[in-house]
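Asker: Take a look at the letters that make up each chain.
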Amino acid sequence: MPGHLTSRKTVKWGFLIPALGYLALMAILPLVWTLTLSLMKWNANIMPKPVWVGLNNYKYFLFEDPRFWHDLGFTVMYVSLSVSAELVIGLALAWMLSQRFKGKNFFRVVYLIPMACPPIAVAFLWRMMLHPDIGVLNSMLKLIGLNGVKWTTDARIAPFTLIMVDVWEWTPFMFLALLAAFQSLPIELYQAAAVDGANAWQMFVSLTLPLITPVIVTISLIRAIDAFKLFELVFGITGAGPGGATESLSYYTYLIGMKWFKLGRGSAISWLFVIVLLILAMILISRFKKQRT
Amino acid sequence: MITSHGLERRKPLGVMIILIILILFTIWTLFPIIWAIITSFKEPGDSYKATFIPFKQFKPTVYAWHDAFVTTRDRTLRSLRNSIIIATFSSAASLMLGAFAGYSLARYQFKKWKNKDIALWILSQRMFPPVAVLIPYFLIMQKLHLLDNVLAVMLDFFADLPKDIEEAALIDGCGHFMAFFRIALPIAAPGLVAVYVLSFIFSWNEFLFVVVFGYQNAMTLPVMIAGSLSTRGLDFWKVASLSILAIIPPVILATILSRYLVRGLTMGAIKE
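Line by line, the protein sequences give chains A and B.
Position 113, counted from 1, in the first sequence is what the numbering used here calls 113; the numbers after and before it change by one each time, with no gaps.
Position 258, counted from 1, in the second sequence is what the numbering used here calls 258; the numbers after and before it change by one each time, with no gaps.
Pulled out of the complex, with its shape left as it was, chain A reads as follows (with noise of 0.2 Å):
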């Protein structure tokens, strides 16, 4: 296709349609199509058609559903933690091979394997690693004379564990985005600094902070937006449990929709974490307008 046989008309927007059409295709279209069977009840196992009930669904989930807000609450809190965890630890090793290091190379290949690995097969390999009887973490922990943790069968403990998985997966991820702020820092600013006296810590607090912070502020974003969104570590580590305590809302949507067919809830729980998402991601999206102007 020779560029002077066809108008510009055509190319510009020839281009442009499939990919529009595709996304609407498979992102608006299911997603208005979510909207009206919001509204409706629809057990699918045993009602032929869908019923209309209005807000009914919406009601359900919002005043009489303790577990939407126990799930919400969770994936909450495992997005602010995971997230700000990653987001120190990822910091402090950033700064530490930031400076001049052999070897820098080869820290970057190994720390892209977590992130690049498939999410299920984390979950299940450190299903095996956590396990309370013959998992290798407990095995090693009793071998040095201390008791087993019960990481996934304590309620109060499972939480720290799927969060403890996300920090593995993910604070290499914080560290090579970080890493690669640093090193476009402008050097003259620190020669400056140094001239006048001022130690590692205060340039690191007074000049690193400030200068990076748009870009801790976007990837911890970015990362919060995907943490939330969490199924594979529920679905792999814990199965949601124990009782319940580590279900997330994508896996509940999940149950609702896919296990126990009732499409009208589901629906309607799956319009609710959309918004949720929403949020976040205009945030995000008003950050990326900004940076491209």
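Hints listed in this document are in silico derivations from the structure and should not be mistaken for laboratory results.
Values in this document were obtained by computation on a predicted structure and should not be read as measured data.
It cannot be assumed that every hint is accurate.
Quick list of in silico lysine-lysine cross-link-like pairs, PhoX-like style, CA-CA up to 25 Å [as the list claims (entries may be wrong)]:
#, chain 1, residue 1, chain 2, residue 2
1, B, LYS114, A, LYS289
2, B, LYS111, A, LYS9
3, B, LYS49, A, LYS9
Simulated restraints on C-beta separations [unchecked claim]:
#, chain 1, residue 1, chain 2, residue 2, range
4, A, ALA194, B, LEU13, 52 to 58 Å
5, B, HIS66, A, ASN56, 52 to 58 Å
6, A, VAL217, B, LYS112, 56 to 62 Å
Rough simulated footprint, nothing fancy, chain A against chain B, three-plus residues with beta-carbon under 8 Å [said to hold, decoys possible]:
#, region
7, 31-41
8, 56-62
From the three backbone atoms N, C-alpha and C, an ideal C-beta is built for every residue, glycine too.
Since chain A is already given, all that's left is putting chain B on it; use the hints.
Answerer: Same frame as chain A, now just chain B:
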């Protein structure tokens, strides 16, 4: 020597401490992978013990690998084949759509809508929770009798498209291209390869859509891992070997692509 965080020449003690912390973090990062490799070469009985050194502490065996590639050969090869087919073709299709759209957005002005707004709109789809579209997808596939069909699972994966469009739009120098096929494509080739590989990794790792829509015939490796949870409990040796099998391709690809990985995961916000 003044470095980017302003430390004068490091004292040897400081370097030692940093090195020790880095080594500890590296051990923590690699431990699950190394443990999986060790476990995959153990007898089922040994796989539940905390032994590390082959020959000395346990007798190494290919039991788990023999099971995967001989005993349950058909299942493993079908999952492997499905994983490869789905990742290869869904990434190719989304790359094609993405490259066209990216070129259009980079090369032409959209006055009424503004290019940036179109790009951000496309990008925003990446943030939607996939679990929210399961019900309509399910209803469509049930109608079309596409459940548990490789093609259907592949279609779902196109939902991963937005990242690629954004990436393609970001390839440096897009605005200077004169003709798409003759000039733009060859120049953008390295970026496009990176986008393709990233997209391949994301499709390869996908779990939710496959476990819902492709339980048997359209099963992929990640779903097969979940299958090692039997009624008797978790077969450690099986989890280990299947996980290693599923981990190798994306990790090798990510290593080759290490320069682009962070950029891809941050939707282009961070360049390395």
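Asker: Look at each hint and say if it fits the structure.
Answerer: Here is what the structure says about each hint:
{"no.": "1", "hint": "LYS114(B) with LYS289(A)", "verdict": "12 Å, holds"}
{"no.": "2", "hint": "LYS111(B) with LYS9(A)", "verdict": "13 Å, holds"}
{"no.": "3", "hint": "LYS49(B) with LYS9(A)", "verdict": "67 Å, violated"}
{"no.": "4", "hint": "ALA194(A) with LEU13(B): 52 to 58 Å", "verdict": "21 Å, violated"}
{"no.": "5", "hint": "HIS66(B) with ASN56(A): 52 to 58 Å", "verdict": "56 Å, holds"}
{"no.": "6", "hint": "VAL217(A) with LYS112(B): 56 to 62 Å", "verdict": "31 Å, violated"}
{"no.": "7", "hint": "31-41", "verdict": "holds (count 5)"}
{"no.": "8", "hint": "56-62", "verdict": "violated (count 0)"}
The structure shown violates the earlier hints numbered 3, 4, 6, 8.
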